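K.L.:
Protein chains in written order, with our numbering: chain A, 1 to 755; chain B, 756 to 836; chain V, 837 to 995.
No lab work stands behind these hints: they were computed from the structure.
Mixed in with the good hints there might be a few duds.
Stated by the list, open to error - List of simulated lysine-lysine pairs, DSS-like, C-alpha gap at most 30 Å:
(1) A:Lys279 - A:Lys5
(2) A:Lys6 - V:Lys960
(3) A:Lys279 - V:Lys960
(4) A:Lys406 - A:Lys6
(5) V:Lys926 - V:Lys960
(6) A:Lys306 - A:Lys406
Remember, predicted model here, so these are calculated numbers, not experimental data.
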Amino acid sequence: MSDEKKFRWVGTRPIRPDGVDKVTGRAQYGADFALPDMLWGRVLRSPHAHARILSIETGAAAALEGVHAVMTGQDLPDLFAEKAAAAGGHDDSNNLAHNVMARDKALYHGHAVAAVAATSREIAERALELIDVEYEVLPHVLDIHAALAPGAPLVHPDRVAQGIENSGPSNIAKRLQIGHGDPEEGFAEADEIIEREFSTRPVHQGYIEPHACLAQTTQDGRVTLWSSSQGHFMVRDYTAKLLDIDLSLVRVIPAEIGGGFGGKTTVYLEPIAVSLSRKSGRSVKMVMSREEVFRASGPTLGTRIKIKVGVTREGVLTAGEATLHYEGGAFGGSSVGAGCMTIFAPYAFPHVRSTGYDIMVNKPKGAAYRAPGAPMAAFALETVMDELAQRLEIDPVDFRLRNAAKEGTLASFGPRYRRIGCVETLEAVRDHPHYSAPLGPNQGRGVALGFWFNAGLQSSAGVNLNPDGTVTVLSGNPDIGGSRASLAIMTAEELGIEYEHVDVMVADTHAVGYTDVTGGSRVTFATGMAIIEAVRDVMGQLCQRAAAVWEVDAERVSWHEGEARLDGGFEPAPLGLAELAKNAGKTGGPISARAALTARGVGMGFGAHICDVEVDPETGRIDVIRYTAVQDAGRAIHPSYVEGQMQGGAVQGIGWALNEEYVFDDEGRVQNPGFLDYRIPVASDVPMIDTVIVEVPNPAHPYGVRGVGEVPIVPPIPAVVNAVHAATGIRFCDLPLSPARVLARLDEARSPGSA
Amino acid sequence: MARVILPQALADRFGGEVQLEIEGGNVRALLAALDARYPGIGQELEGRVAVAIDGEIHNDPLLEPVEEQSEVHFLPRLAGG
Amino acid sequence: MKRHISTTIDGEALEFLSEDGQTLLDALRDVLLKTGTKEGCGTGDCGACSVMLDGRLVCSCLVLAAEVEGASVETVEGLAEAGELHPLQKRFLEGAALQCGVCTPGFLVAAKALLEINPDPSEKEVRYWLAGNLCRCTGYDKIIRSVLDAAADMRGETE
Ligand code: FES
Ligand code: FES
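Assemble the whole structure, with the sequences as input and the hints as a guide.
P.N.:
Right, dumping it as structure tokens:
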């Protein structure tokens with residue numbers, strides 16, 4: 001892949017194929033489907049953070065006029081008991097099954113305990129009130145300290161930690177350690193060592209569309225689901241597994257998805273909707289309220305990170321060591337592994353070790369959130385990097401450049417890096433006019449670097465050539481942020497045809513091959529690869545057809561700029577796509593191809609952000625006044641949607657740094673399950689987000705694509721926090737930097753007698 | 756012989772060697788060879804960890820080729836958002 | 837108890853039966869099957885359900901269906917005229933102002949309301965006007981730019 005190559009479509013900004021439907025209200029999201037016989041399903045949720053379910057009396061609810069089905073956890077098959085016991089209680093499906101609906105214990109405030117289906121939402125709500133659950137309230141644990149305290153109540157009294165030899169039951173689901181070299185040796189070589197402790201609070205992905213689905217079942221066991229998710233194959237596989245149904249009997253039709261950010265890579269409602277539909281013989285629609293979204297779906301939970309970094313006087317890193325505790329919620333399964341793997345990843349550390357603990361607490365089961373685990377780790381490392389640069393009196397970007405990972409660097413997570421754009425990204429920050437722009441009073445500037453792996457995984461695609469020369473592409477990935485456009489661009493580029501002649505459809509589970517979730521920043525990379533493979537197959541078929549028409553060897557025909565040409569001559573005249581398509585029936589039949597692959601050669605991603613803040617000394621309010629995001633995209637297929645990922649991730653990270661947090665009361669109840677009290681950034685909170693796309697092509701992808709969706713949420717927290725330090729001289733190690741917290745620290749610093 | 760680097764915790768439980776030279780061919784063969792040397796280790800690794808071969812991470816490898824000069828690391832599996 | 841409602845929605849005279857206490861949003865989506873208007877919260881905090889009620893911008897999740905008796909409601913579905921998209925819709929598409937798109941109907945309706953009373957808003961005015969509309973995908977940058985571009989189009993200052 002040469003950089004010189006000129007593209008016709010790659011790198012341009014055409015209108016997305018699904019755009020008009022989405023600006024006219026025609027596009028159908030998860031809650032937009034209806035069937036004539038449809039019932040409404042609603043879920044009863046635990047009012048307690050931790051309670052044994054002694055009995056559930058459903059008779060009165062079932063007797064209510066308009067109620068057609070009532071269910072509890074007893075109605076879901078407990079397929080996994082045996083398997084889970086064998087796996088020490090850690091089997092993922094078992095956790096998933098028990099999260100979808102509690103069996104003997106409710107493990108968090110919001111845990112589903114029963115559900116009903118009725119002819120209207122109101123009747124279903126009334127029926128929930130008639131369900132009588134007898135609870136024995138148990139003592140709960142809400143955070144890492146409490147969970148690890150001696151004699152702490154155990155979320156799962158039968159579980160022992162993975163990765164700790166001979167330990168008894170505890171709230172530690174798992175311990176892991178990674179690294180290389182000997183940190184003690186590295187710290188002995190250091191001239192400066194900084195050791196700090198950081199904490200973050202639970203935050204929600206905050207997608208605007210609540211979880212929603214519609215289930216239809218038949219007497220012969222078939223299931224059709226309309227569902228909004230990051231992967232309809234994921235919905236199919238999880239639902240089928242939890243309910244013990246053959247995959248071929250479950251068809252999932254992907255709705256448009258109104259945001260996910262990792263939070264829609266699992267199921268909550270679908271197995272319940274299917275069960276209610278089976279019980280009632282009617283189709284069942286379920287839509288979470290916003291309160292349910294906050295109480296029962298996806299947050300990423302609290303973390304505590306202790307970190308120690310050593311450096312020589314010349315600014316060369318000698319060692320890093322970190323202990324990371326991540327709350328995984330009621331079932332464990334936090335992203336602490338990725339936290340351990342990413343925390344030291346952007347730099348060359350000769351000696352490095354991170355130890356992670358996955359902690360169970362009585363909070364919702366954590367779900368993936370954009371570069372899961374990495375933003376909290378970056379908060380710790382990049383704040384310390386800032387402080388080290390300050391101590392050494394080296395420019396913070398130069399300091400990072402001195403230590404930046406490059407091709408061949410032994411990564412802190414094990415292997416050696418392939419071609420990466422860490423240095424190029426930092427150089428673009430250093431050279432950006434924002435980095436040297438003057439600042440006013442009470443203002444400060446911070447920078448931070450972030451890393452994410454990106455994912456490959458499995459993708460399938462189909463390409464059908466229509467008789468008029470237009471092309472229909474089938475993808476197995478829900479389009480969460482413009483991927484139809486990037487897939488259409490690559491198709492048009494390969495074939496040498498008009499972008500407008502390509503349409504991309506997100507096909508259902510019966511219509512396209514298995515495809516992993518829209519997650520891990522993988523769609524343009526991996527599904528793009530599958531589509532390119534299928535398109536190249538179509539191009540081969542087109543050349544064969546032309547060869548047949550010309551009665552020459554197929555090897556002599558090649559595809560250029562939308563037409564088949566005979567090598568080495570101008571005769572006969574080239575055959576264009578439209579003509580070959582029109583005559584396909586006469587030359588061998590319709591032309592179409594499929595491809596299915598596990599994508600290899602993922603390009604790892606780096607981003608660096610520059611943030612300016614102004615801190616109001618009277619109120620402690622922090623305003624982000626200028627922001628620039630720089631990122632290596634490998635190659636931006638549709639730059640607008642790459643920028644969009646960078647801008648959206650930056651603002652999510654700003655919210656995480658400044659405002660967002662779950663508030664729990666002493667009983668473990670969520671106190672702010674709504675957008676009024678859980679405040680995400682609004683338009684007036686943020687400035688324009690400038691972007692610089694760096695392109696260090698990924699050699700393993702036909703167009704050089706790396707993933708782009710997750711990296712942008714990694715740098716913002718430390719970028720903001722470092723900027724606040726520059727403005728105030730105060731280092732914040734605990735999120736969020738809400739005005740009250742900031743004001744308290746400002747007052748403390750101003751009080752006489754303070755250093 | 757491929758160079759295999761084991762996670763410290765696992766090495767501690769199996770023989771203590773962090774770096775070892777193993778005949779590979781592909782991931783399955785490599786795991787079998789590892790297991791022959793340290794009985795039980797194959798089961799610990801197979802299907803539970805990701806494998807990095809020469810810097811590229813594979814989440815669920817089996818027949819992935821391992822070259823003579825390859826460097827192989829075992830890593831925790833990742834989720835994406 | 838069901839109540840009979842006569843109203844005008846996107847220029848079309850309509851009649852429907854509404855349950856007691858039913859919101860306009862639910863009537864639009866569940867009774868009339870006009871699902872272009874979205875629900876993000878149901879409590880007036882996200883703006884996804886924005887519609888115009890007799891020329892006033894409202895959250896349809898906070899309005900009772902019964903209140904639209906004799907009134908005129910405009911939703912995102914009436915924004916485009918026959919074959920022609922509204923300038924805001926065009927600019928949102930060209931400017932990639934939507935990623936997932938679920939907030940888009942609300943933003944379009946709210947932005948249109950702004951440009952009706954202020955055809956030449958500053959960036960700050962657009963940001964404050966749209967502060968009741970949540971978008972989690974875009975970081976607002978491209979939305980704000982697209983609204984400013986559409987405003988210029990509507991003033992005839994472009995092309
Ligand atoms: S649904 Fe009406 S404001 Fe959110
Ligand atoms: S585009 Fe997804 S919420 Fe705005």
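K.L.:
Would you mind marking each hint as holding or not holding in the structure?
P.N.:
How the hints compare with the structure:
Taking the CA atoms of A:Lys279 and A:Lys5, the gap is near 60 Å; set against the 30 Å cutoff, the hint is violated. Taking the CA atoms of A:Lys6 and V:Lys960, the gap is about 39 Å. The hint is violated against a cut of 30 Å. Pair hint A:Lys279 plus V:Lys960 does not hold up; C-alpha atoms about 54 Å apart against a cutoff of 30 Å. For the given pair, A:Lys406 sits about 27 Å from A:Lys6 by alpha-carbon distance, which is consistent with the 30 Å threshold.
Restraint check: the Cα-Cα separation between V:Lys926 and V:Lys960 comes to about 22 Å, which is no more than 30 Å; the hinted pair holds. Using a Cα cut-off of 30 Å, the hinted pair A:Lys306 and A:Lys406 holds, with the two alpha carbons roughly 26 Å apart.
Consistency with the previously given hints fails for numbers 1, 2, 3, ordered from lowest to highest.
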